[in-house]
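K.L.:
Protein chains in written order, with numbering that gives the first Met the number 0: chain A, 0 to 184; chain B, 0 to 257.
Just so you know, the hints here were simulated from the structure itself, not pulled from any lab data. Careful, some of the hints might be misleading.
Computed Cβ-Cβ distance ranges for the label pairs, DEER-style [said to hold, decoys possible]:
1) 61(A) x 77(B): 25 to 35 Å
2) 120(A) x 42(B): 38 to 48 Å
3) 151(A) x 77(B): 46 to 56 Å
4) 215(B) x 3(A): 52 to 62 Å
5) 2(A) x 72(B): 29 to 39 Å
6) 225(B) x 120(A): 23 to 33 Å
7) 28(B) x 159(A): 33 to 43 Å
Note that this is a predicted model, so its numbers are computed, not measured. Note that beta-carbon positions come from the ideal geometry of N, C-alpha and C, so glycine has one too.
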Amino acid sequence: MQRDLAERARQGDHDAFSELAAASIGRLFSVASLILRDWDRAQDAVQEALVQAWRDIRGLRDPDRFDAWLHRLVVRACYRQARGDRRRTVVELRVVTRAEPIVASPELSVADRDRLDRGFARLDFDQRAVLVLHHYVGLPLTEVADVLSIPTGTAKSRLNRAVAAMRAALDADDRGGALAGERTA
Amino acid sequence: MNTKHRADRLLDVWLQLEAPASPPPGLLTDITARTSSTRPRPAWLARLEGHHVDVIQGGRRTGAPRLALVLAIIGLLLVALAAAAFFGSRPQNLIVSPATIEPSPGASLAAAATPVPSGTPGPTAIPRQPEPGDPIPDELVGVWEVDAGEYYYILRGPDPYCQKRYQSIQDCSTWWDSFGQAAYADILTIVDGKIRVMPVGRANCLGQLSEMTFARTGDALELAFEPGSCYTRDFPTMHLVGTGEGGPPGPAQALHWP
Chain A
0 MQRDLAERAR QGDHDAFSEL AAASIGRLFS VASLILRDWD RAQDAVQEAL
50 VQAWRDIRGL RDPDRFDAWL HRLVVRACYR QARGDRRRTV VELRVVTRAE
100 PIVASPELSV ADRDRLDRGF ARLDFDQRAV LVLHHYVGLP LTEVADVLSI
150 PTGTAKSRLN RAVAAMRAAL DADDRGGALA GERTA
Chain B
0 MNTKHRADRL LDVWLQLEAP ASPPPGLLTD ITARTSSTRP RPAWLARLEG
50 HHVDVIQGGR RTGAPRLALV LAIIGLLLVA LAAAAFFGSR PQNLIVSPAT
100 IEPSPGASLA AAATPVPSGT PGPTAIPRQP EPGDPIPDEL VGVWEVDAGE
150 YYYILRGPDP YCQKRYQSIQ DCSTWWDSFG QAAYADILTI VDGKIRVMPV
200 GRANCLGQLS EMTFARTGDA LELAFEPGSC YTRDFPTMHL VGTGEGGPPG
250 PAQALHWP
């Protein structure tokens, strides 16, 4: 089904492309939001990626690779968004604009969530991209490497570092919390 | 459940919770409106003009068409040079022969660029045209630890590694990743106070310029790519760990004699 749509889009069928965009926009927006931690910039990144996808769709040789191609485009757009932010000389305070309420989870305490949030914020974009594509989208590492145009070994190394940093964020805060508890006890 | 598995599980749950449930209303409409007013570019133009990472072709062979084009142009230039030499012109004056250069740390590019006298045997490898700009400052030369197990080598030309691998007598750099492979080979010069980076060692950004600003404080080095550069990596603060010669720290021995 998706292959047919991609094939038709490649022939210039805009309706087919719109169907593909509608089917993938939610996932792409989630990926961009997680990497950028900013919904406004994520919106820009997704828009940029999908417009570029339509513009260059004829350059896509294998319609079966459409999803991987979109992931690549959106990750590159995230990089450009992040780079655009670095160009700004005026210091801005960005508020993470979240349209949805924070959902409670029985598995994840508020404290853990806060620790993971801070740990993730300390990761660089390379690590975030690998982490999100592997742990959230569920791509195998070879596919992640393909999407990011990096060797599989590099993807593995980035993932290991990112996961280690996240574990350390949990552990460090656990230790910090325990120590603080001891001091106040 | 051990701590490691618990952390991984929490990470998965956290990512699912953090991801927005749906895209903002109106985003798809905006995109559809924008794309409906434009037409896709021809395939050859998309493949030629698009940055290679933007046009996937299946597998990891994403840079093949552009690389093939660059190689074809280089091949034509080499044929033209060979033809010109054969018919008695003096194209050798334009190029630099590594065979005529005595490697010395202080050798300048101008001094090294000695023309090959007409009638002498040609160089064993085709040397690279010099990149414009001044040599990089001494304070940048050395091995910089980027991250655990990763080193960024900034080497003073003429350096044996860059001469042998990339036929360049100019200052160059390479990055040694934690898997023990060298990548990101670039020729470095200084233009307008910034580091001019010309990639020569891999398909990514091959032949596409990047510029970096630099700031050294003690043993720490900050590098940042300028807007518009082909490279976009965010370097962490690096720390000087060696000179790039004579072995550890870092895999310098293997770097110089691969």
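K.L.:
Each hint should be assessed against the structure and marked as holding or not.
P.N.:
Do the hints match the structure? See the list:
Take residue 61(A) and residue 77(B): their Cβ atoms lie about 33 Å apart, and the range 25 to 35 Å holds. Take residue 120(A) and residue 42(B): their Cβ atoms lie about 41 Å apart, and the range 38 to 48 Å holds. In this structure, residue 151(A) and residue 77(B) break the distance hint of 46 to 56 Å, their C-beta atoms being roughly 34 Å apart. The given range of 52 to 62 Å is respected by residue 215(B) and residue 3(A), whose C-beta atoms sit roughly 57 Å from each other.
Between residue 2(A) and residue 72(B), the C-beta spacing of about 35 Å keeps the proposed range 29 to 39 Å intact. Hint check: residue 225(B) to residue 120(A), Cβ distance near 25 Å, so the stated range 23 to 33 Å holds. The hinted range of 33 to 43 Å is satisfied by residue 28(B) and residue 159(A), whose Cβ atoms lie roughly 41 Å apart.
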